[in-house]
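Turn these sequences into a full structure, and let the hints guide you.
For the sequence shown, position 134 (counting from the first letter as 1) is numbered 134 according to the UniProt record's numbering, and the numbering increases by one without interruption.
Watch out, some of these pointers could steer you wrong.
[What the hints assert, rightly or not] In silico lysine-lysine, DSS-like type, Cα no more than 25 Å apart, as pairs:
| id | residue 1 | residue 2 |
| --- | --- | --- |
| 1 | K478 | K100 |
| 2 | K9 | K254 |
| 3 | K534 | K63 |
| 4 | K46 | K63 |
| 5 | K9 | K663 |
| 6 | K11 | K38 |
| 7 | K11 | K415 |
| 8 | K236 | K254 |
| 9 | K11 | K236 |
| 10 | K415 | K594 |
| 11 | K210 | K46 |
| 12 | K293 | K11 |
| 13 | K594 | K293 |
| 14 | K11 | K237 |
| 15 | K594 | K46 |
| 16 | K236 | K210 |
| 17 | K11 | K594 |
| 18 | K594 | K534 |
| 19 | K63 | K594 |
| 20 | K254 | K237 |
| 21 | K38 | K534 |
| 22 | K534 | K593 |
| 23 | K323 | K619 |
| 24 | K293 | K254 |
| 25 | K210 | K63 |
| 26 | K46 | K593 |
| 27 | K63 | K236 |
| 28 | K713 | K9 |
| 29 | K254 | K713 |
| 30 | K29 | K663 |
| 31 | K237 | K63 |
| 32 | K46 | K534 |
| 33 | K210 | K254 |
| 34 | K663 | K100 |
[Unchecked claim] Restraint-style ranges between C-beta atoms, simulated for each label pair:
| id | residue 1 | residue 2 | range |
| --- | --- | --- | --- |
| 35 | E312 | S145 | 50 to 60 Å |
| 36 | S327 | G599 | 25 to 35 Å |
| 37 | D589 | F28 | 43 to 53 Å |
| 38 | V262 | E355 | 28 to 38 Å |
| 39 | G32 | G429 | 46 to 56 Å |
| 40 | R313 | P604 | 15 to 25 Å |
Derived by calculation from the structure, the hints in this document are not laboratory data. Each residue gets a CB set at the ideal place from its N, CA and C atoms; glycine is no exception.
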Amino acid sequence: MSDETDVSKPKDWAAGVPGIAHAMGPAFKDVGVSRSLKGLLTMNQKDGFDCMSCAWQDPPERKTFEFCENGAKAFVWEATPILVESDFWRQHPVSELADKTDYWLGQQGRLTEPVYKAQGDDHYRPVTWERAFEILGDELNGLDSPNEAAFYTSGRTANETAFLYQLFVRAFGTNNLPDCSNMCHESTGTAMSDTVGVGKATVRYTDFEKADLIIVMGQNPGTNHPRMLTALEDAKKNGASIVAVNPLPEAGLKRYKNPQTVRGLVGRGTDLADQFLQVKLAGDMALLQALSKRVLDAEARRGGVIDREFIERYCHAFDAFTKNLESLDEQRVRDATGVTSAEIDELAERYMSSERVIITWAMGLTQHEFAVPTITEIINLLMLRGNIGRPGAGASPIRGHSNVQGDRTMGIWEKMPDAFLDALHEEFGVELPREHGLDAVGSVRAMRDGAVKVLVALGGNFAKAISDTDVSEAALRKTRLTVQISTKLNRSHAVVGETALILPVLGRSEIDRQRTGEQFVTVEDTVAAIHASKGTLEPVAPNLLSEVSVVTRMARAVLGESSTIDWAHFEHDYDSIRDRIARVVPGCDDFNKKVRAPGGFDLPHGPRDSRTFPTETGKAQFAVNELRVIDVPSGRLLLQSLRSHDQFNTTIYSNNDRYRGVKNGRRVIFVNADDLAELGIDDGATVDVHGEWSDGVDRVARGFRVITYPTAKGCVATYFPEANVLVPLDFTAHGSNTPVSKSIIVRLEPTAEAAA
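Listed below in structure tokens is the structure:
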């Protein structure tokens, strides 16, 4: 922790003039006025490129400035003219890079040339593209089995690249396709697939402005997807009520000063949340069950509360669901949630008096041990009043990374269904493995145990994103080869196998020129809409390849002349990729034509579009869940990890968190004042955070400054990925195998230096 860390009072509103200053100031300073304006004015426009940050959906009608503060930061981070050139690798050995912070690594600039670290060497050294692919091909073809390799994917990968990547991996002979979904919204996909048959949002963008009530659970839109605040503001203007459910009060859900309106710039802005339920960590399931029970009790008293026609026609297992809630204990609910019965009553009345309800959530719900049943309880509550498959209502998980959802649609999953593999086989005539592969946690276990010897990562920062940092980094260092396909440096370039490759690629904002001319790619947003993305800026360096080029050349180097797939044609003409996608991926028929329409097109979605549910019963499935409550021992607290405001996933834009009042520091922990008093710890003290789990291993994150903060009593928070060291590799959500980063039992102890 830096001694220069400043702490001030948390903000009670988001955006406004500071949002503009923090967006445009760095852009003009670091990228230049001309390049910044050219990029930012085409970001999220129908003829421009999709923001490389969150997956928030674009409105039908775009504003001139259709980006948020964090989108501008992501643009600056990618479009920087600062370059990592050959001298850098001579001056900085890998062992030195391993001691640098994520912030320092990201500030070094754009990668410009392929580099290779040979066995026994402590330096990356420049190589030609031809040599890089030769090294990769030799290593993969030298494995005893294709299953000795794992192929990771980051959510920023475009649809065309993802489709080719999974095709190459499966043609190579494995389904080891871990991706960032495994660590974020896998619980959502599992829960929604089980209940409604489709693991995606059942709403469109326009549903928000039609809603009577929007319940925002486990998310911080002001930091993680700020453009959502505009949709919430529009809903509020149309008469909607908004309820925030979260362990921490978040500035963006209190008040929004829209920087594109006069009221937002010089006035008070818009008060958003009508009610704030400060639920304890992992208390959401109890809250949701209590709400459903109140709905059922009201139906029993007066009738006309639930949508019986919807339930009888479209749903299954309603009787089992109602019977399960008969014995729900109100005191246990209060203990689990930390909120009063009166607060739950108020929200229940809001729900029952609203005809159109949207429940929206993010990783505050998905990264708990019982995240899957918690999310099925969201669907239960929505179905009680028919809030699936009608305008202004539905389930709205908010994906945290642009095109993470599209990658799954295109086949990036370790257990794609047979129907998809059958279509792939019919289209390309290649034999494909059917045995399910490894997800992210499984890949680390396999590397740790020597079963996976090569990791290829298409984007992302796997070393920092995955849980149990010490175990995971040791596993990565046991491999024979690690390959990073990247735009900028991160921790994964310093935590490497015996040998390592870095392959630099174009950013999404840059023009992609191939033999047939300038190309575009496509992405899918969080409401299953697919649209085009075309870079508008000149590349920062001449030797960069597109991600499509890297994947196709990798495939040629590994599969050789025996491959019947024309990889070179795919590289030269992305329309040819989309033609194949159209014949393989459900809902993408006539892909090239539909994606050229302004704004793209919506993928078909049975539950949303026609109230058809592709489940085993052919109906929406009510879930029956045992209420789970975490027993936290005396003197212990429950910790969640979260992002700072100047952060996107593992990318650190600065060491500040403006809305929470933290400047120049990340090793901080937010603690309720009453908990500090009970523990005898002073505000501003320095503590070590010890994670406690059933394996008895003492996992510790050292040197954190205590900040008194209005979080829920018994619950503390600190930043991701610094807290990943506290999350055991084997502590994962039931049903989804997602690391449990939001409910870790911890104890706080004075640091050794402080104690001395």
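Now for the hints, and whether the structure bears them out:
1. K478 with K100: The given pair, whose Cα atoms are some 21 Å apart, holds under the 25 Å limit.
2. K9 with K254: holds (15 Å)
3. K534 with K63: holds (18 Å)
4. K46 with K63: At roughly 11 Å apart (the allowed maximum being 25 Å), K63 and K46 satisfy the hint.
5. K9 with K663: Holds. K9 to K663 sits at ~11 Å (cutoff 25 Å).
6. K11 with K38: violated (32 Å)
7. K11 with K415: Roughly 44 Å between the alpha carbons, so the hint for K11 and K415 is violated.
8. K236 with K254: At roughly 12 Å apart (the allowed maximum being 25 Å), K254 and K236 satisfy the hint.
9. K11 with K236: holds (21 Å)
10. K415 with K594: violated (28 Å)
11. K210 with K46: Holds. K210 to K46 sits at ~24 Å (cutoff 25 Å).
12. K293 with K11: violated (36 Å)
13. K594 with K293: Given that 25 Å is the threshold and the Cα spacing comes to 45 Å, the pair is violated.
14. K11 with K237: With a Cα-Cα distance of about 23 Å, the restraint between K11 and K237 holds, given a limit of 25 Å.
15. K594 with K46: holds (13 Å)
16. K236 with K210: holds (10 Å)
17. K11 with K594: violated (44 Å)
18. K594 with K534: Holds. K594 to K534 sits at ~16 Å (cutoff 25 Å).
19. K63 with K594: holds (23 Å)
20. K254 with K237: holds (15 Å)
21. K38 with K534: Since the Cα atoms of K38 and K534 sit roughly 13 Å apart, the hinted pair holds (cutoff 25 Å).
22. K534 with K593: Roughly 16 Å between the alpha carbons, so the hint for K534 and K593 holds.
23. K323 with K619: Distance of about 19 Å is within 25 Å: holds.
24. K293 with K254: Distance of about 28 Å is beyond 25 Å: violated.
25. K210 with K63: holds (20 Å)
26. K46 with K593: holds (15 Å)
27. K63 with K236: OK: K63 and K236 at ~19 Å, within 25 Å.
28. K713 with K9: holds (19 Å)
29. K254 with K713: holds (20 Å)
30. K29 with K663: Holds, because 20 Å separates the two Cα atoms, which is no more than 25 Å.
31. K237 with K63: This hinted pair holds, its Cα atoms lying about 18 Å apart.
32. K46 with K534: holds (9 Å)
33. K210 with K254: holds (21 Å)
34. K663 with K100: holds (20 Å)
35. E312 with S145: 50 to 60 Å: The hinted range 50 to 60 Å holds for E312 and S145, with Cβ atoms some 52 Å apart.
36. S327 with G599: 25 to 35 Å: Given range 25 to 35 Å: violated, Cβ gap about 49 Å.
37. D589 with F28: 43 to 53 Å: Hint holds: Cβ distance 44 Å, inside 43 to 53 Å.
38. V262 with E355: 28 to 38 Å: holds (33 Å)
39. G32 with G429: 46 to 56 Å: Given a distance of about 49 Å, which is inside 46 to 56 Å, the answer is holds.
40. R313 with P604: 15 to 25 Å: holds (21 Å)
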